[in-house]
Amino acid sequence: MALHSARLSAISLALVLPCLALAEDDFFSALDTQAEPETPAPPGPVQWLGWAQQKVAYGYRAPEPGPSRDRAALTRVESQLYGQMNARHEAWSMRLAGSVTYDALPDLSDADAWETHNFTDKQAEERRWHGQWADSYVGWQDGNWWLKAGYQTLAWGEAESLIVTDVLARRDQRWPGQQDLEQTRLPVPAITLNWAGKLDLAVLGWAETDLRPAPFDDFDQLAGLRANGIDIRHNDADNPVGVALRWQQRWPGLDLTWIAADVNAFESTLSDVSFNGAVPETATFTPERRRVLGANAQLARGSWLLKTEQGWHQGVRHATNNTLSPWVESDQWRAMLGADYSGFRNLTLTLELGSQLLLNPDAAIEDDEVRLSQSVRARYTTWNNRLELTAQGVNLPGESGQVVRLAADWQVSDPFSMGISLVDYLAQDSDQALYTVRHQDAAILNLRYGF
Amino acid sequence: MSVFKFVTLGSLTLAALFNVAQAETLSARDIMERVDNRYTGDSSVSDANLILIDRNNRERVRDLRLFSLEEDGVTKAVTYFLAPTDVAGTSYLSYDHDQQEDEAWLYLPALKQVRRVAAGDRSNSFMGSDFTYSDLNGTTLDWYQYEMLSDSETVDGQEVWLIESRPKPEFAEQVLSETGYERSHLWIRKDNFMQVQGQIWVERGGRVKYFSARDIEQIDGIWTAHRIQMITTRNGEREHGSVFQINRVQYNDHTDPGLFTTQAMLRGLN
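Top line first, the protein sequences correspond to chains E and L. The opening position of the first sequence corresponds to residue 1 in this note's numbering, with each subsequent residue numbered one higher. The opening position of the second sequence corresponds to residue 1001 in this note's numbering, with each subsequent residue numbered one higher.
To be clear, the hints were calculated from the coordinates, so they are not data collected in a lab. Please read all numbers here as calculations on a predicted model, not as lab measurements. Fair warning: there could be bad hints in the mix.
Unchecked claim - Restraint-style ranges between C-beta atoms, simulated for each label pair:
{"#": "1", "chain 1": "E", "residue 1": "S79", "chain 2": "L", "residue 2": "P1169", "range": "56 to 62 Å"}
{"#": "2", "chain 1": "L", "residue 1": "D1256", "chain 2": "E", "residue 2": "Q249", "range": "17 to 23 Å"}
{"#": "3", "chain 1": "L", "residue 1": "P1169", "chain 2": "E", "residue 2": "L147", "range": "49 to 55 Å"}
{"#": "4", "chain 1": "E", "residue 1": "T120", "chain 2": "L", "residue 2": "D1054", "range": "47 to 53 Å"}
{"#": "5", "chain 1": "L", "residue 1": "D1054", "chain 2": "E", "residue 2": "N239", "range": "54 to 60 Å"}
{"#": "6", "chain 1": "L", "residue 1": "D1253", "chain 2": "E", "residue 2": "H130", "range": "45 to 51 Å"}
{"#": "7", "chain 1": "E", "residue 1": "T120", "chain 2": "L", "residue 2": "N1247", "range": "52 to 58 Å"}
Stated by the list, open to error - Calculated cross-link-like contacts (lysine to aspartate or glutamate; reagent style DMTMM-like; alpha-carbon spacing at most 25 Å):
{"#": "8", "chain 1": "L", "residue 1": "K1112", "chain 2": "E", "residue 2": "D142"}
{"#": "9", "chain 1": "L", "residue 1": "K1112", "chain 2": "E", "residue 2": "D135"}
{"#": "10", "chain 1": "L", "residue 1": "K1112", "chain 2": "E", "residue 2": "D180"}
{"#": "11", "chain 1": "E", "residue 1": "K198", "chain 2": "E", "residue 2": "D180"}
A virtual CB, placed ideally from N, CA and C, is assigned to each residue, including glycine.
If we strip away everything but chain L, and leave its shape as in the complex, we get:
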């Protein structure tokens, strides 16, 4: 499940209504499958600001353009950094495979080279933010076991399920390597199966991360969060925060697989 899943929610309105009707019969695993399998458009392009906020509330702002494309068995996504100067031209390409290990490449304009990124790298910070590369790439549903903690919570006036996600013992090492996360609490809206909050226990340093998705509306029939936020805390204090401010989203506007190649990374957007 990736940030792109957080950002967009394929409404599949009829399916959602059907699910709500059956809500009480759904297990935690069923709910997470609904979250993971939802339709988020065949493709999307969005413009965003990634705002990095340190403990003294000093901000750094990155301008991004993100593309995604659904193909058989793989979700492709590429992120271009447009500004400021120190990151302009950098791009990150990921292939989130259904049946095999995910792949990623990073283009650093200073080196004029596209470099493959090892999976372990993906537990590291995405360009200085509180999101990791694996948050963007997504992970595999089958690596986790899910437990319903509560089915009577509310977030922003909306009814939600509270689900705990822990890696299965046989995948624990792989999950730690690729995400750096031990376990998570996920708040899933009952009406549209959108994750609106998350509390994530990080393996090292006793840190806890807090995820939230806000300013949610439908665009072209697809539920979309315009503001997603991740805060890293340690000993109950905020260390750092990051906000994805999504300013523009277009769905199903392009189908060009050539955008999701290392050649396109070298070419850049201008």
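Just chain E, same shape as in the assembly:
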């Protein structure tokens, strides 16, 4: 019996050992692949891409009294179709892109298919169908010159906890911290001229403001004023045109950018309040005119990418001690120091420190003279980039509150991806800006199919 076992073991080893020896060689032999060798289509004349996306968001806490939603409930059931068409002919190029989004929640609510709060007509109207241009422009290039006219996303800064030089991008304030990556910034109507990747001139027109939620919808920052019966009005900017210049210089390991801008801010500030006797009747909000001089630098050293943005902002309006007084101007020096560290396998850590310094502030300004902010982010990819995990915390300037975001994105296949994220707004004191929205946290499920 023992001999028999020994023989079997020997035979097994004899069978196994060549396999082990072969196994290593096998890793050099060609993998069988099903994908057919395919030469990508030549560039142009017309190319398409797009995706269909389904997003469901659930507010897992009952908000503070103010917005229409009065309970933990679904906050969005959005279906989105995005399309992009690119065409190029000789020196000319064109891109048309945009999305249409349908939020089924008002209709589900009307049909009593889902127990939630009642939407106002305005909320239902703005939620049901929403069209949004993505970058859409006509371009012309000749040598080093590149001219573009149309809707363009102008990302001129990277700071995440405050805006330093990123002053040419519109934002979506309807669901702060909950946007898709593509909608971190929104395009603006502009004509841009680029020379050799170094000099940019941008002329912005038809002044627009950030996207705002409908009255009394989640994150309506003016719900408090509205609740007191004050009529809210939004004025257009006096001068719809903005101008900005950027100069970029690259040296080995170092990128340096200078910018100068004379533009309208995309956020509106309180410019006028009218009273009927002692009772406030209307509050008017107007985009402020802002002049900015700034610089960005990025320095790569080993596993570190060091970043800074510095900017002088003239004409920033600030709230006063009196809630119903028009905001007053004060210049600001804004600064960001940050670093990406990628020395750990598949993990990138990002740290950012920001500050806003008021220059010669009016005594009535409520904000502190120095307002600090911080942002920390960890991003980990694994399984050959199929899974991406992100954790981020942002402490907003001036102790306004914190936003924490946890996200997991899974690339199921080439066309299909899914993601889940959790966004939590933190504020402990009633004088913090995020206090009124601290219970408007959300869990979000996102499914996307690309084509």
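Model the placement of chain L on the given structure of chain E, informed by the hints.
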């Protein structure tokens, strides 16, 4: 030495013949210099499929267009991702300097921003593949010491040298940071100084990578591999595999340095 060196081999036929004649006198270092210094065209443009294969043989396929340009003291390369939708429009630009630290930038269309990539990032996976960014960028010959393990091996019927490459102690930390690799075995063809196989020990996780170059032919007098493959293994089992299937290569067809700028990344190919 970058993937582009793997893909293309400047034949310099006369030089190669000369080298073969002197093959027995060449040291491991001499051979690697021949591999690294070979002429791969002043410029190239190629179309490729990058096929990512998981342990269950499920495939993901990326369509790419790659450009390269040799300038004084620097090799510039830019890769555009054409499909599928989730990566379309992404591009990666690298400057492989002879005398200073390499540089790289990544353009992500979702952010509409070109971002500089730190060197440490380059030990990470290139867009989910088994190749790292440093495989594409290349590393510096002087960071390594080379030892001839065998001069009588054959691969696919071709005689090869088997050379071990280890980082010099003074560069070990830098090599680990930028490549994530501890050491490598390289199989170099004697007739044309082309690397046809590689076994690479990865610092973390006990992983070993296997590189191979196949379907080699001359295009415009330059030896070119149409299929290069990298397989990542752990404990003797394949974790993941990646295949660069080169479908079209043109050499010396363009000389436009404007292709290798961050402006060109923003503009894209269409």
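So, against the hints stated earlier in the document, which numbers end up violated here?
Those not satisfied come down to hint 11.
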